[in-house]
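> Line by line, the protein sequences give chains A and B.
Per our numbering, residue 1 is the first one in the first sequence, and the count goes up by one each step.
Per our numbering, residue 1 is the first one in the second sequence, and the count goes up by one each step.
Treat each hint with caution, since some may be false.
Pair by pair, the computed Cβ-Cβ distance ranges are [to be verified]:
#1 162(A) / 65(B): 37 to 45 Å
#2 181(A) / 3(B): 40 to 48 Å
#3 199(B) / 135(A): 37 to 45 Å
#4 168(B) / 27(A): 55 to 63 Å
#5 76(A) / 123(B): 53 to 61 Å
#6 164(A) / 78(B): 38 to 46 Å
#7 47(A) / 116(B): 28 to 36 Å
#8 181(A) / 58(B): 36 to 44 Å
#9 187(B) / 51(A): 26 to 34 Å
#10 43(A) / 78(B): 40 to 48 Å
#11 75(A) / 116(B): 19 to 27 Å
#12 78(B) / 19(A): 47 to 55 Å
No more than 30 Å apart at the CA atoms, straight line, and that leaves these computed lysine-lysine pairs for DSS-like [what the hints assert, rightly or not]:
#13 13(A) / 115(B)
#14 240(B) / 22(A)
#15 13(A) / 247(B)
#16 134(A) / 171(A)
#17 184(B) / 199(B)
#18 397(B) / 162(A)
#19 402(B) / 155(A)
#20 155(A) / 42(B)
#21 191(B) / 115(B)
Because the hints were derived from the structure by calculation, they are not lab data.
We put the CB at the ideal spot given by N, CA and C, even for glycine.
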Amino acid sequence: MSEKLIDVLVNMKEEEALEITKDLIEKGENPMKILDSCTSAMEIVGKRFDVGEYFLPELVMAGEMLRQISDMVKPKLRGEVTSERMGKVVIGTVQGDLHDIGKNIVAFLLDVNGFDVVDLGIDVPPTKFVEAIKDFQPEVVGLSGFLTLAFDAMKQTVDAIKETAVRDRVKIMIGGGQVDDEVRRYTGADAFGINAMDAVSLTKRWVGGN
Amino acid sequence: MEKAPEQLYEEREKRVNDAIQLRVPDRVPVMSLFGFFPARYKGITFEEVMYNYDQMMNAWIQTMVEFQPDMYENPFTIRYLGRIMETLDFKQLRWPGHGCDVMSSYQYMEAEYMKADEYDAFLFDLSDFMMRVYWPRVFGALKAFENLPPIYSIITYYMGMAGFSAFDSPEIEHALQSVIKAAKEAKELIKGATEYAGKMKELGFPPQFGSLAQAPFDTLSDFFRGTKGAMLDMFRYPDKVLAATEKLLPIMLQTGLAAKSRGHTRVFIPLHKGLDGFMSPDQFNTFYWPTLRRLILDLIDEGLNPFVLWEGDCTSRLETIADIPRGKAVYWFERTDIFRAKEILGDTVCIRGNVPLSIMCTGTPDDVKEYCKKLIDVVGKGGGFIMDCSTVMDDAKPANVKAMIGFTKEYGVYH
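Construct the complete structure from the given sequences, taking the supplied hints into account.
Have a look at this one:
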């Protein structure tokens, strides 16, 4: 692992991070090690977000740096086994709602925190969530919505999941816009989150049992 | 005996002005942004009202008469937009029946309508940039404007006159015809807004706002660079972001000052990207608050009262945003801890809010009353408070809206 790379990533120094990565690749560094440095950096970024030292702009910048580094490193990967994933999450913006900024950030953070994320996109009907649960067998389902009309769409989605008997197999979290505990109760979801890191904490708790 | 509309109007103006000036009014004022609520309430689709002048007029007037809030918002310039948006092939919005369900509110389509490498063009000549680069992206019907020469290049007979040749194309002709059509539709908007305002006055309702402005950073982020773009720009091109917000400040001030020429004092300033979590305190103090504060101060200097809607949670900003003149502005809070806001800001600004929409949409009238009671007891103490939901209430249950307004009028009387 490269302490230097971790340091510049954590401190949001984009140009330096890309230069160091380029140097490492030229020197023949194992690409998996570069990605491991990224993972370590993201863990620190996530922790700083948790304690209120970092905010959404830092998460977005970290994601942007990670994306560029992955693009540089990927051609060098020769089918190396990727690290063990912790669990699976199906996520999407519920039917009738087209907002995706919050959902995308949650999906990104879950991914860098070691979860396989199946992102169903926006305006996702209940049946599509149900199918995805059957196909991918996730431990956790995330429903996103910004508009107040999403309350009903979330409720319908949870109901649809209940009807197909897969309800017991998944934990459902909701988030976005006006969502709070009142809405959680209304929709029948298991939990709600105020920000993107809440989604990560909830998923870790449910999947890891801690 | 029923009060005359003129008397109601004066009472309502005074009630709200007392609250703004941190005096104790006769009772807590109560109002809302109804959004598309009147359409649902009157059994017509959101789509219908966007295209039907009379339906909108009737549904909105009847709703105001039945609910009797202290002040109204004019729906025409923000809701009666179906035709003009179609004519211009407007890209930034999906609306009921046009990309959204006929009973769904607006959905803003965010994108980088300005690219990261276009800051210099934006700063050099904003109007030229908007007309030849931004408008063609935002209005499909005006795409051909991208082929025009720079507006500033046509100066006089021997400087630039030949540039008019660019207007000679079928595409530009089509674009200009769309502009003329849009102009006529815009006149209908103004006609509707004027007629609605007149009817409201006859019924004794003053308007909540005479104009709208935005924080310069929000305008840059919302409409030009996008949330993600603006966030990355703070790291990559901090000086350009600051220059762009400086450029937008006098423009936002001008749009806000329009209230004055309309004979009103209240300016609505909804905020989007400066809330807790969306920015660090450092970023807020660098990119967001300085130009917003100057906008607020300049409007106050002109004798106006900014109504600032702090969306999301802004609890960590409360100490910072207290730095404005006393008794001149309203801070409307969505998810911010409004009780803490009262402690910190109670001597500085009038506070508005914040019955959660979750309660308004899924709760019972008793839930609403319980929350309102707490608001009136704590935030309403000593005046300086306006009752409202946490934000625009499109999908609230009518019984809950009645409960909020009715309970406030009853329990919110100052003795």
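> Just pull the numbers of the violated hints for me, sorted ascending.
Violated: hints 3, 5, 9 and 21.
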